[in-house]
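S.K.: What the sequence shown shows, in the numbering used here, is residues 1 to 199, in sequence order.
If you are wondering where the hints come from, they were derived from the structure by calculation, not from laboratory data. Incorrect hints may appear among the rest.
Claimed, not checked - Using C-beta positions, here's what the derived DEER-type ranges look like:
#1 Asn-139 x Gly-170: 27 to 33 Å
#2 Thr-45 x Gly-170: 56 to 62 Å
#3 Ile-116 x Ser-53: 34 to 40 Å
#4 Ser-46 x Ile-113: 40 to 46 Å
#5 Leu-112 x Asp-88: 17 to 23 Å
#6 Val-93 x Thr-45: 15 to 21 Å
#7 Pro-145 x Ile-113: 42 to 48 Å
Unchecked claim - Quick list of in silico lysine-lysine cross-link-like pairs, BS3-like style, CA-CA up to 30 Å:
#8 Lys-187 x Lys-67
#9 Lys-100 x Lys-187
#10 Lys-79 x Lys-198
#11 Lys-79 x Lys-100
#12 Lys-67 x Lys-198
#13 Lys-187 x Lys-54
#14 Lys-67 x Lys-100
From the three backbone atoms N, C-alpha and C, an ideal C-beta is built for every residue, glycine too.
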Amino acid sequence: MTKWIFAFLFFSCFLFSSGVQAQGHYRNNAIGVYIGPNFSNIDITSPQLNADSKSGYQAGIYYRSGKFVYGQAGLQFQKMNSNFQMTDSTPDVSDDLTFKRIQLPLYGGLNLIPIIDGVINIRVFAGPVISYDFNISENDLPMYPEDFSRFRVEGALGAGIDVLIFSLDGGYSFGLSNLFNDGLDGKCSYGFVNLGLKF
Numbered sequence: 001m002t003k004w005i006f007a008f009l010f011f012s013c014f015l016f017s018s019g020v021q022a023q024g025h026y027r028n029n030a031i032g033v034y035i036g037p038n039f040s041n042i043d044i045t046s047p048q049l050n051a052d053s054k055s056g057y058q059a060g061i062y063y064r065s066g067k068f069v070y071g072q073a074g075l076q077f078q079k080m081n082s083n084f085q086m087t088d089s090t091p092d093v094s095d096d097l098t099f100k101r102i103q104l105p106l107y108g109g110l111n112l113i114p115i116i117d118g119v120i121n122i123r124v125f126a127g128p129v130i131s132y133d134f135n136i137s138e139n140d141l142p143m144y145p146e147d148f149s150r151f152r153v154e155g156a157l158g159a160g161i162d163v164l165i166f167s168l169d170g171g172y173s174f175g176l177s178n179l180f181n182d183g184l185d186g187k188c189s190y191g192f193v194n195l196g197l198k199f
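Turn these sequences into a full structure, and let the hints guide you.
M.R.: Structure follows, in structure tokens:
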């Protein structure tokens, strides 16, 4: 798994740096803001614990540079919700958990269909997302904030469309690091949709 993480990070950084190095007439810079929902998908392999999907949201800012190949770096706040169930107790115990985190998305992408320059564009992107959970909610389960790994790396894939100053992005972020510190095994993944403005 570690070698795949490094390969993914290397490829993403290559795309990002290629986009940033675009010069002259082919350079295209944008600063944007966005907000949108996310839908958790926490995959837990430990048999004594399950997690169900719930919706949350994220909001952030980004800087994008490049023409055909572009790089994008951002900073976002994310609130993710999930319902956890302990299956080894009688009766089963469940409760909602909320994760509040700061994330650093580092994307490399391709502008596939710049139909009219500056008017309509279709994009694809991929890259690592560095994530830090600064707040994990209290709950009725025998689980505590220190049971979770606060610092993790994720990988994201997605596509977007730009129309004038508006942008719409959708994608999926898959966990590359273990969500837990206490011997449990699970990955934190989620789908997301963002509506934004770019300048």
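S.K.: Quick check: which numbered hints come out false for this structure?
M.R.: 2, 5, 8, 14
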